[in-house]
Structure formats: structure tokens, C-alpha cells
Amino acid sequence: MALINMVQAINEALRISMRGDERVVVLGEDVGKVGGVFRVTAGLQEEFGEERVIDTPLSENGIVGSAVGMALYGMVPVVEIQFADFIWTAYDQIVNELAKYRYRSGGEYSAKIVIRTPVGGGIRGGHYHSQHPEAAFIGVPGLKVVIPSNPYDAKGLLLASIRDPDPVVFLEPKRVYRAAKGEVPDGDYLVPLESASIVRPGRHVTVLAYGAMLYEALDAAAKAADKGVDAEVIDLRTLWPLDINTVIDSVKRTGRLVVVHEAPRTNGFGGELVSLVTERAFFHLEAPPVRVTGFDTPFPYTLELEYLPLSHRILPAILSLARS
Amino acid sequence: MALINMVQAINEALRISMRGDERVVVLGEDVGKVGGVFRVTAGLQEEFGEERVIDTPLSENGIVGSAVGMALYGMVPVVEIQFADFIWTAYDQIVNELAKYRYRSGGEYSAKIVIRTPVGGGIRGGHYHSQHPEAAFIGVPGLKVVIPSNPYDAKGLLLASIRDPDPVVFLEPKRVYRAAKGEVPDGDYLVPLESASIVRPGRHVTVLAYGAMLYEALDAAAKAADKGVDAEVIDLRTLWPLDINTVIDSVKRTGRLVVVHEAPRTNGFGGELVSLVTERAFFHLEAPPVRVTGFDTPFPYTLELEYLPLSHRILPAILSLARS
Amino acid sequence: MSSEKSRRSGNEDPNAIVSVLRDDGTLDPAHDPHLGDDEVKFLYRHLVETRQLDERFVALQRQGRIGFHVGSLGEEAAILGSAYAMRKNDWLFPCYREFGAALMRGFSLQKLCDNMFGNANDTVKGRQMPCHYVCRAVNWASISSPVGTQITHAVGVAWGAKIRREQVASLVYFGDGATSSSDFHSGVNFAGVFRLPVVFLCRNNGWAISVPVERQTATHTFAEKAVAYGIPGVRVDGNDIFAVVAVTRRAVERGLRGEGPTLIEAITYRMGGHSTSDDPNRYRENQAVEAWAARDPLERVRRYLQKRGAWSDADEKNLKADIDARFRAAVAIAEKTPPPALESMFEDVYAKVPWHLAEQRNEVVSGPRAPTPHG
Amino acid sequence: MSSEKSRRSGNEDPNAIVSVLRDDGTLDPAHDPHLGDDEVKFLYRHLVETRQLDERFVALQRQGRIGFHVGSLGEEAAILGSAYAMRKNDWLFPCYREFGAALMRGFSLQKLCDNMFGNANDTVKGRQMPCHYVCRAVNWASISSPVGTQITHAVGVAWGAKIRREQVASLVYFGDGATSSSDFHSGVNFAGVFRLPVVFLCRNNGWAISVPVERQTATHTFAEKAVAYGIPGVRVDGNDIFAVVAVTRRAVERGLRGEGPTLIEAITYRMGGHSTSDDPNRYRENQAVEAWAARDPLERVRRYLQKRGAWSDADEKNLKADIDARFRAAVAIAEKTPPPALESMFEDVYAKVPWHLAEQRNEVVSGPRAPTPHG
Ligand SMILES: Cc1ncc(C[n+]2csc(CCOP(=O)(O)OP(=O)(O)O)c2C)c(N)n1
Ligand SMILES: Cc1ncc(C[n+]2csc(CCOP(=O)(O)OP(=O)(O)O)c2C)c(N)n1
Ligand SMILES: [Mg+2]
Ligand SMILES: [Mg+2]
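Each protein sequence line maps, in turn, to chains A, B, C and D.
According to our numbering, the first sequence is numbered sequentially starting from 715.
According to our numbering, the second sequence is numbered sequentially starting from 715.
According to our numbering, the third sequence is numbered sequentially starting from 56.
According to our numbering, the fourth sequence is numbered sequentially starting from 56.
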């Protein structure tokens, strides 16, 4: 066990996967010598060579499209998209090809790839280095969507994602890449997909969060506790398929729901979560669920901390919901 | 007034817009001589010439990207994407460029274009000629999303969309392109954006629908009436920004909500609608809202009518909701 | 960047078109692929089969028995000749007009017909439109309607093989229209940079639905687009199956020697509509069609075989009768085969059916049935 | 397809590099753009200003006073020379390294500094990162981080102008890495097909962050990519401002004559890191940097001017002092200017603020304030 950050934990997961399985290759822009602009792939090219840790031309659709082909051939490509904001030129390959390959070929082929990409704001990145686009992937049948919030989960979830038979979009909350530190086993272990984690048990309000906003939710919950409100905070970890039972059980206990996410509110994952809960636990709800989210604007630069659903916005939501 | 179908109505709106405003140009694949694969642009090239009705190379991102440039220069390009299923290579241009141009340039520029594209299933088109991807546009700040269900609205909404200062994604429900006929004034008129239409007033259940599924909702409502359940059916027409008042008023009256859409359920627009209603009319709700939608699979071919949320699936939802 | 000399300063005439089969039925020795009579007869049988099935499928569509067909009328030699040059362990990435090549590689006619009817035996389980079958057994990839997307996949397969040190090449079919796509640009560029054994087979059939090639590019040829990727581009008479076999074989050999990809422009013509949904009279004159009819790729091979005494009118008659009989038998079975099971709609989205799809499956299975397609 | 002869069969050597300014400070008459001393001095002042501001902005970033900077060290001549060739009513589409050209066209240093601080006076209202300003008054487009996307926009502007019969050209900047993007392919292809007056200005600075040009393309040059689009490609010494002015002017004239676009490859070198976030020592040796230093684009112009007696050491000193004074004044104001108003976050998403944004605005305005950035 060592105290490491998320960047190091993800690096370890990649290294273990590549050592254990020759089919695993890493490709993306700047993943080679420089080890990724966030240094997540540092040292991998040295160990595994240029053929397995591949700097590609600047084309996200080329990266994902050729990774799909590699996967058809039996490789397990782990793609890095430098920032999630740059994933959109690959969206056709993701929606129409990657996600549908198994289905449309009647199960004869499958395209197992993992797409790793840093997401989220709070690093002074403005519009194009801050997007948090989980909703664009959750709505695509065939994809799994995973987002860790801490080094232990990051390593275990990435190891599980690489071994999972389905394509996984693996979102990395870059705001806590280095800030979130934790004890992480040196060796191989899995954190199963589709399992949420109750990070803070509580009785009065259920708060669903993930990625960097988990810490804001926890901060708000701690402050709410000072005011006598006991919030349960759940880290979803796998966004889709969702660990529905953990979520519904919690809301049935608390009767109140706050959903937190950085992405814009409209048609964000919050809407889906609120609907799922409303459909399944309606008569347990004491008050309307509340979404605390990014606003329906492009991500701003100077005012980014006003944009993000930080603790100062989550706390009043918890308090007023608990009192309603 | 003449009895015409939606293809003709949209064609008239384009013709009137092009006659009235020299800045309006039409571009896309096969929009010229052949008049579009659905014949929506038939005759326009003859009247306005090859410079204003433009057959482009086969590149959706090229079409949208250059339309953005034309718009910066002051033109009003109306883009046709042959099927919505093929829009994804243009998604980067739509999300990162078109939608954000006004915001990111501090209002100095705006990129006013209309993207017309046929959507939806029921025409034996399988995966790639049936997608109904409104959710992917509703969640993008800066875009407006419009979908008519009949010729009168199609013409009036398209005329309004072309004149609106913001970029509009104009979805055309191809299953009823020719089937939906109606009386349409010959001249110029507007159907305002952001206004829903109560197509069938009712007391017991609110049914929100749009596009081709409106007819299924109406059919189900008629059958429900036979069983004593009086459903109100609302055609949303503009999906975003939503006519929130009409929706909330209705649910406050009926206390019950059914949302119908063809797109997959998860993270579809239904989740947003359910959330908006739950947030704003929670204490008026007598029962949990119900979503009747396409399933979370790629769109199938042979079984497409089982996939679609047709009347046979809407009716039981209305009845059981009314009785709960 | 490649230290090789820039391709465009090479001496070859970029407009030259490789052809082998002369009008008089003899072969130009310069590019002759040296096919034995049995090989040519094999190819000819498949050319005829392809054409005949095309006609039959169009007829079925007109009768309302199948929903759609997208054919290869006039392009058969470009398709079959290039597929013939690929070895058993090579991979093929179809566009959508290449069912004849799939059959030639061993895909069964029965399965093809099952796909045309989208029935329970369809390899893609009735999930895609007709002509969107799959056949892993012959390294035939899944077919997708969006234009160009298969190009990067073919690159990935060749890349995987190269990393694994396996002697496998891939061939990808696409049209002239597809050269404008993003995946063409990325795919050819990646294959050039990483020197992958990919054959990029551009069927230049003159049209992208109603859009003529002049609206697709300002270049004179499609082959010269290879220059932008530092790889060779070759133009070939796509209606000359000997020439197509020859240039494709050379491209495969080059690729497997580690010298990288080749872009082949097979010059041919789409003699029919784009698909059964299209009426070409709306946008083109008949003259070009007539001119191209004189260069029919089947006729040319038949003349060659007949001249060598290797093919008789009786052979022709028997062949056609045989194809017809097999077609009728396959259609009879396919048409009677039921549609896929309702439950199948929820399979293969993921490797295992997750909770939400299990719920949705139960909803459908226990719910009312949809109206039948035609009332 | 173009009826013209294929470009690659032309006689020009595709590897030839246009240069004008010789080592001895004289000009090659073959391509001399005939700039008067005042013009050259104007350019030189802006070259120096660009370099000096680059250094100052990096320093501000290191001091934590601004968040980011992406500079043009070594690439100044390629950027300013090409911009200088564009007329007032032409449009420029920046990549992100071209602030020097914006200033030269009339964008104010104050506004640039306001952008660097993202304050209330920033033309983009503090919504984008530093170096992502806009200036409609000089036909300077908005800057977007995603690589390549501005290329199709430049095409659209030229297209609009052509449809309206207005004599307007556009110039678009992008890097060597951007030639791999989808928008490069689509943009250049569309411009070729529709013969639009676009200048595609590829700054080949050797690197896309840490990825060298050999990993971007298998071609020997970027200019030869023009072949794939049926348009001319020109290589120019990007550190020779005379040569850059000359080839760009020729491209504009050609475009305005209706002969279509030109792809210019300006060969230069990124002397610094990719941006303030990058440390190039991680992936490259210093040797190339040293070699390029000998071809410094500013030094070359200064030598030229000095040789002509048009520039003195005193001029140099005064210029630098003046730039510094203006810089300090602008920064002082920019740094004191408050951030944009909270409400501004919700404006310009749409032309009018819709109900949901009005609600969200009220939520923020009446809610608690966020923590301040640094605690
Ligand atoms: C991305 C995309 N855009 C548009 C279409 C509609 N479409 C189908 S085939 C086709 C033309 C393709 O032309 P070409 O590539 O020359 O192939 P061909 O049909 O001639 O074999 C078009 C525009 C599509 N399938 N995919
Ligand atoms: C679509 C996209 N992918 C990745 C990035 C991250 N990125 C920013 S600049 C850059 C390299 C660009 O290189 P080049 O085009 O040569 O321009 P230069 O920076 O050298 O001027 C990369 C990969 C991006 N901004 N956009
Ligand atoms: Mg074609
Ligand atoms: Mg560069």
C-alpha cells in the first residue's frame, strides 16, 4: 500500500493491464515520450515500447476509429482523449460504430475499447478544457460510463473496465487528479463496475454525486451535520448501467434526493436520476428532488467557481430540502 | 389554403424564406437537382440557382462548419443533413462551434444557421435511418430544438426558425412526412417558437408528445376516452427552450403525466420533462410520471414496431396511470 | 515525415490507368495476373451470380417482399477482382455494395437471403436493413450505413496485425463520395504514418447518389489523393477484372513487405440507381450509362473465356439456371422463416443483459403486441 | 473534377521553398514583395512587440497573475507577414498563437490584456481562457481551442462573399498538427470544389505539443497535401517575412481572381514550449532549437533595415521602451478591472435570455457567493 494520487493510480492500472495482457495497447496524442499532458501515461512507452504506447496524429476520430478496428482484431486498445472537450469529432465513431458493433453484427464481433478522458472544471480551463459530458455517453445504448473519485477506485475501476467485455468511457475528474490522495494496494485488484459506494451514510437526505463534485457534496454534508441534518452521500462510480438498488434503497430510507453534477442541468444525468427515483420511489418522497448542477451556459473562465455546483450551493439545497 | 403534406409545407417555407431574404441559402447532399432524398428541396435549385441551393461534397462536418462561416459573414444558411443518423461527424462543429459562437465571442459574432434533418423510425430504416437524437441537442446550451408534427406547424415553425436569431436544430419526423396532411395558408406566417400546443384538452392525464408520436398519443387518448379516461395531449413543438408554463399548468390540472418519445429512454428528453414537472408540480402529482419511449437498444429493423412507443404501449400507460 | 522522395515528383503519370484485358480478348502482359482458366471461370461465375442476384433482389423489393436493396450493377469486376486478391486470413471491410464478394469468399446465399428478409436466421438478427449482413467466418466485417466509417476500422485491423507480427492485410471498400469523409482522411493518414498493410479500394462509380464526382473534389483523379498521405495511388480500369486482381495483389504484397498502404481508384460506373430508393432519371442523362454499357465487365470476361474455348453458351445457360434455382430455394426458406424473437431485441447491446434492459424486455414480452407492419 | 491538368504533373519542384531575404540582407528579386522601408519598419516594430509581449505574458503567468499563455516565439514572421498581406476587408481566422497579428490589424493592447486577465472589459467577457479574445472590428474571428475547427469557418466566409459577389478573401491559421484534423480535410476540399478565395496558412513549426511532424504525416511536406484537393501548395521560409508577404499576396490575388484557394506551408519552428503548461525538455533535444535560433525572423529583418541605414540601436531601444511602457500601463488597468458581472454568465447564450437561464441567473445572484479562486 502506498499513498498515491489519481494520476499515479491510473498509471498503475495501465501498467498492470499492459504487463498482464499483451493485447492491451495505449494510444492518443502525446501519450508517448511526454507521458500525457497530465502525465497519466508517464513511463509506459519506456517499458512497453512505441508499438504499444502510441503517439497518434491529431485526429480523435482517427484514434477511436482505428481503435475499433484493433479491437475487432482482438486487441484491447485504451484510448486517451486529451480533454473530453475534444472528443466530439470522434462522436460518430463512438455512437454509430463502437457502441453498436456487437448489436449490429448479431454478436459476431465486439469492439472492446476503453476511452479514458479527463473531464470537468475548476482548473481555469474555460469552455474547452472543462466540459463534463457524461450525458452524451449515458444515453448511448452499448456504452458503459465510469468515473472514479479517488485513487483506490480509479485503479480498481480502470482494471475492471479494461477487463470488462463492453466498451467503457472512463471519465477522469482532473480537478482532483493530484488533490485526491489515498492508500492504494500495489498489486492487481478490481472495483466492480455497476456498484455505487455509500461514502457517508445518513438518514435525512440522499445526495448523489460523482467525480470531483463528490468532495463538494461531502463538504456540504459535513456542514449540514453541524446544523443537525444528516445527509447520506453516494458516489455513483459507474454512471451507466447504474447501481439502481443502492440509489433507490437510499432514497426509500431518506425520502429526499439531491443530485449533484458539473454538467449543465438540462438533459444532464441529473434528470435521468430524478426520473428513475421518481418512478421507483415516488410514494417514499417527502419533497421534490433537487438538482444542483452546472448552469445551462457554456463553461465560463473567470467565473468558473460560480458556475460549478460547489459546496456553497449544495449546502442550502440539502438544508432546505431536509426542512421541507 | 391548400391541403398539402409536410414535405410540401417545408418546401414552401424554404421557398418563401429564399424569396424574401437573399441571405438564405440551402446546402447539403443531394439537395440540388434531385431535390433531396425526401424531395423537400424539390424545385429550389431551379428557382434560385446553384449558388444558393448547393450540393456539397459528402462531409457533414464540412457542411456545418462552412455554414457557420457563412453565417459569420451574414448569410443565413439552412443546412440539410440527409438523415439525423449522419449528423454525428458534425457534432463537434455543432457543440463546440455553432452553439458557443455568440457566447464565446462576447456577443460580437453570432452564427445563425438552421439545421434541418429527418428523424425517427417506422420507415424500415434500421439503425442508421431511424435515430431520433433530440436529447443530444437539447443538452447543448445555445441551441434551440424544434420539431413539427403537421404541415401547418412545419411551415410556420420553419419560417420562424429561419428568422430567429439563434441557431436552430429543426427535426422533421419522416414517418409522417407525407402521411400528415393539412390545410396550410399559401403565404407567409409564423408559428412562434417556444409555444406548445394543446392538441386535445383533457382532465385526467397529461400526455406530452411530439413529432410522429403525437399521432400515437392521440390514438391512445381516443381509445382511453372510450374507457372513460380523458387525456390531455400536448404537442411540444419546440423542445428547447420548452414552453414550460403550458406543460406545468396542464400537469397541475391533471395531476398525472405520461411522456412519449421514440428515442431510447435513458437520458432521453423524457427524463428532463419528468424532472421539470417533478420539481415544479410535485405536490400536484397523484402518481409517479410515466415514460413511454424507445428502448435502450440501437434501433432495430424487423422489430421496429415493437421498439417504437406506439399507441398499443401508450394506452395501457394512460389507463393504469389514470387508475392509480 | 517520410525520408523517401515525395511521391509527386515521381515519374509515373498520375492519370495512367492500369488495364489488362484488351478489346480483342487478349491480355496485356505488363500487368497480367496470370490467372488460370479455372480461376477465371470461378470469377466469371461469381460475376454472373452477383448480377443475377442483384436483379432478383430488385424484383423482390418491387414486389414488396423485401424492404430495400443496394446493388452493384456495372461494378462487379471492381468488387470481385479486388476481393479475389485477398487471402483467406486477410480482412475485408465492405461499404454496402459488395455482397457478391462476400458470397465469393464463402458467405452462404441462404444467409444473405435471411438478411434480406431480416428473419430469425439473419446473421445480424434482423437488426439492420437488407444488405447489412455480417460474416465473421470469412473475416467480413459488419456493415454500417454511415459513409466512410469502416475505413479507420480496416486501418485498425492491419495495425493490430502489425503489432502482433501477423501477416494479415485488410482491404476496405468505399465510394468516390466517401473520399470527402473524415474517416477517409484519418484512416489513410494513420495508415501512411504507421505503414500499415491496408488496401484502400475506392470504387469511383461516378456518383454519390445524385452528386457527381466534380462536386466531390477538384482533383482530376481520386488516386492522386494518395499524395497527401505519402503513399502510392493507382488508377485501374474497374471493369477489367484482370487489372483489378493485379493491382490489388501488388498492393497486398507491398503492404505485407512493410511498405505501407496503397490507394486504388477503380474506375467504373454505377449503372443503376443508388439503391431501390433512388430514381437516377431525376438527375442524370442516359448517355453515359449507354457508353459504359459497351464496357460491361461481365461481357469482357465472357468474350475472353469464349475466345479461349473455355466457356460455351450451354455453360452460360446452366450457370444461370443453377443460380436461379439456388436463389429460389434460399428465398423460399428465408421468406418462411419467422422474424427474430422479441427477446433478441435486447441481446448483444452488452455482453450480458443489464437490469434496465431486462426490465424493458419484460415490459415488451408481457405487454401487448405491436400492430403488424402492413396493417 | 477539375478539367485542369493534375497539379502533380506540373513542373514545379514540390520541395522548393520560397525565400526572399538572403543572409547578406539583400532580397531575391524573383519574389520580392517590394515593401518600402516604412512598411518594413512597421512590420519590424510589430515583430518586436509580439516577441516582447510574449515574454511579458509568460512572466505574468509564472508570477501567477494570469492563468495561461500560448506564444509565438520564433513564428512571428510567418504570422505577421501573412496577416500583412490581407486587406482591411479580408477576414482572418486565428488558431491561437496569432495575437501579434491581431494587434497589427488594430486590436488594442488594452483589450488584449483585458482578455489575459479575463476581466469585465475583456471582449469575450471573461468566458474563455487567455489568448482567446475576439475583435470583430478588424474582421478577426473568435478563437476556439479545438484544433482545426476554424478552417471550415474561413471557407464559409469566403463562400458567403463569393455568393454575394463581394471581393473578400479569408486567411486561416493552423498548425502542422491540424492538417490531420477533419476540418482541414473538409475545409480545403470544399474550398477547392467551390474555388473559394481562401488562404490556408499552415504554420509548420515542427511540433504538435510533443508529437513531431513525422508522426503527423508520411508526406515529405505539408504543401503537397494540396494535391489531394486540386489546388496549389506552396512552401515558404516562414522566418522570412518578405517571402511570407509575397506568397500570401499571390494567394489572395489568385483567390480574388476566382481561381480558388492556396495552401501555404510556412516552415518555421516553435522555439518555446507549446504553451505555459508545457515543458519541451521532456520530449526534445535542444539542438534543433539552437539551429533555428540562427535563423531568427526578427534578427533577419533588423539586419536588413540596419544595412539600409533605416534602423539604429537607438530606434531599437526606444521601441522596446515604448512597448514596455504601453504594456505596463495596459496591465495595470487590466489587473485592476473587476471580473465580469455575475449576470453576464447568462447572457449571449441566446440572443435573449430564456426563462430557464433567467431562473438560473436569479438563483446565482440571490444565492451565496462561491469561494474566491485562491482560498
Ligand atoms: C455520413 C453519411 N452521410 C450521408 C449518407 C447518405 N448516403 C448514403 S450513400 C451516399 C452516397 C455515397 O456515395 P459513394 O461514397 O460514392 O458510394 P456509392 O454509393 O457510389 O457506392 C450518401 C450521401 C450516409 N450514408 N452517410
Ligand atoms: C481536437 C483537439 N485535440 C487535441 C487538442 C489538444 N492540443 C492543443 S494544441 C495541440 C497541438 C496542435 O499542434 P499544431 O496544430 O501543430 O499547432 P501548434 O500548437 O504547433 O501551433 C493539441 C494536441 C485540441 N486542442 N484539439
Ligand atoms: Mg460513388
Ligand atoms: Mg505545430
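It cannot be assumed that every hint is accurate.
Per label pair, the in silico range of CB-to-CB distance [to be verified]:
| hint | chain 1 | residue 1 | chain 2 | residue 2 | range |
| --- | --- | --- | --- | --- | --- |
| 1 | A | E760 | D | Q222 | 50 to 58 Å |
| 2 | C | A406 | D | A348 | 52 to 60 Å |
| 3 | C | R117 | B | D933 | 25 to 33 Å |
| 4 | C | A413 | A | E736 | 32 to 40 Å |
Calculated lysine-lysine pairs in the BS3-like style (CA-CA distance at most 30 Å, straight line) [to be verified]:
| hint | chain 1 | residue 1 | chain 2 | residue 2 |
| --- | --- | --- | --- | --- |
| 5 | A | K966 | C | K407 |
| 6 | D | K372 | D | K362 |
| 7 | C | K375 | C | K391 |
| 8 | D | K143 | D | K217 |
| 9 | B | K966 | A | K966 |
| 10 | D | K372 | D | K391 |
| 11 | B | K966 | D | K407 |
| 12 | C | K372 | C | K391 |
| 13 | D | K391 | B | K747 |
| 14 | C | K96 | C | K362 |
| 15 | D | K375 | D | K391 |
| 16 | C | K217 | A | K747 |
| 17 | A | K937 | A | K895 |
| 18 | B | K895 | B | K747 |
| 19 | C | K143 | C | K96 |
Calculated from the structure, these hints are not laboratory results.
Even for Gly, the Cβ is constructed at its ideal location relative to N, Cα and C.
The hints, checked one at a time:
no.: 1; hint: A/E760 to D/Q222: 50 to 58 Å; verdict: 56 Å, holds
no.: 2; hint: C/A406 to D/A348: 52 to 60 Å; verdict: 57 Å, holds
no.: 3; hint: C/R117 to B/D933: 25 to 33 Å; verdict: 31 Å, holds
no.: 4; hint: C/A413 to A/E736: 32 to 40 Å; verdict: 35 Å, holds
no.: 5; hint: A/K966 to C/K407; verdict: 28 Å, holds
no.: 6; hint: D/K372 to D/K362; verdict: 18 Å, holds
no.: 7; hint: C/K375 to C/K391; verdict: 24 Å, holds
no.: 8; hint: D/K143 to D/K217; verdict: 17 Å, holds
no.: 9; hint: B/K966 to A/K966; verdict: 25 Å, holds
no.: 10; hint: D/K372 to D/K391; verdict: 29 Å, holds
no.: 11; hint: B/K966 to D/K407; verdict: 28 Å, holds
no.: 12; hint: C/K372 to C/K391; verdict: 29 Å, holds
no.: 13; hint: D/K391 to B/K747; verdict: 60 Å, violated
no.: 14; hint: C/K96 to C/K362; verdict: 13 Å, holds
no.: 15; hint: D/K375 to D/K391; verdict: 24 Å, holds
no.: 16; hint: C/K217 to A/K747; verdict: 21 Å, holds
no.: 17; hint: A/K937 to A/K895; verdict: 22 Å, holds
no.: 18; hint: B/K895 to B/K747; verdict: 25 Å, holds
no.: 19; hint: C/K143 to C/K96; verdict: 19 Å, holds
Of the numbered hints listed earlier, the single one contradicted by the structure is hint 13.
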